[in-house]
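Work out the full structure, taking the sequences as your base and the hints as a guide.
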Amino acid sequence: MYAFEYHRPASLKEAASLAGQAEDAKFLAGGHTLLPTMKLRLAGPANLIDLGQIAELRGIERSGDTITIGAMMKHAEVASSAEVKQAIPALAEMAELIGDPHVRNRGTIGGSIANNDPSADYPAACLALNATIITNQRKIAADDFFQGIFTTALEEGEIITQVSFKVPSQAAYAKFRNPASRYALVGVFVAKHADRVRVAVTGAGSNGVFRAAEMEQALSGSFTSEALNGVSVSEDEMNSDIHADSAYRSHLVGVMARRAVQEAAARG
Amino acid sequence: MTTVSLTVNGQSVTADVDPRTLLVQFLRENLRLTGTHVGCDTSQCGACVVHLNGQAVKACTTLAVQANASVVTTIEGISQGGELHPMQAAFREHHGLQCGYCTPGMIMSAIDIVNRKGNTLDERTIRAELEGNLCRCTGYHNIVKAVAAGAQGMAQAPVQQAAE
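Protein chains in written order, with my numbering: chain A, 92 to 359; chain B, 170 to 333.
Be aware that a few hints might be false.
[Said to hold, decoys possible] EDC-like, lysine to aspartate or glutamate: derived pairs with alpha carbons at most 20 Å apart:
(1) B/Lys-286 x B/Glu-252
(2) A/Lys-130 x B/Asp-210
(3) B/Lys-286 x A/Asp-234
(4) A/Lys-130 x A/Asp-115
(5) B/Lys-286 x A/Asp-115
(6) A/Lys-283 x A/Asp-234
(7) B/Lys-314 x B/Glu-292
(8) A/Lys-130 x B/Glu-252
By construction, these hints were calculated from the structure, which means they are not laboratory data.
Shown next as structure tokens:
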């Protein structure tokens, strides 16, 4: 990788101030996307600001109908958190499906969301669980945060500090993994909230994570897999590559959505 | 250069490193601990797995500077008093290797599995938990047997668990 200057701020304030001063800076969270990208010389920031020592970015807290997770919490920590398992078991299970045990010991929720990889799992959880992305500057609804492949509402130098999820009455995540990369070829997160059902799809869309409006409508009427009969997502909006063409992905969204609904319903 | 101070296999180490030095490079090239291997260098194969503050991580996808003030254990740090760690002994007993390249990472991952999942491991759990470790020789069969036996062995010899 190209050379860079390394900074290890002890506080959020210091991190933000460094980002304001340093030329061409990037934040380092778990590093499990950024470091491989830098090794390939697809990224070459002049300054790397390591968020690993900032206590304000850690912690998991339940308050009423929300559970709030610090941005630097690792996937393994979310997967094994008693609070998360109790409040939203589907979210803990989703975290357990990311990468492999070593990746889960380093990768973070904030890093995953800020990167918005089109095959990442957390963006689907954020949309389905009506999350609020909290930064050092503002609060952003998940619906406004994800803006297409590797694109988010984050401004230059803005740092995600916490992600706050609404606790649903029922939820599940069904993931069909690419057998080689283990990323989601298609992942569907379904969550039943008091007012409506939300269905978020990752891995499949040509423009990244999205909500399946027709599925949400059908499931809001009846939260059963049968309600999805005759409902599909358009092939035209699906990604198509050597791993799966758009017709296959479109079909798989339906299959995964049904499985997620069945699993959520079985959980009661 | 950035100063990094950490504990490796029980010894304090301080060094000035180029910030882009990977933890695995630091271990192999600065400390000459060449038991930790580089296989794919793309966070997939697990040959570089070490324990960072007691958790298995891929040292090819961690900067040495990120390990500042941390405790690192490598394959060289798990045997005690000239005796193989029970997981090492199980890999030898069950012939859980052929060329041996993946073995240090396999063993460090296996110890981490036992630390998290306990001493009685079924085949399904072991195979699922070895997701991040690739072996191109064995077909995994003997590795799975070795991990199950090593897990039992760790229950019988608690004093020999990884020094962390």
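> For which of the previously enumerated hints does the structure constitute a violation, in increasing order of number?
Replying inline: The structure conflicts with hints 1, 3, 5 and 8, although it agrees with all the remaining ones.
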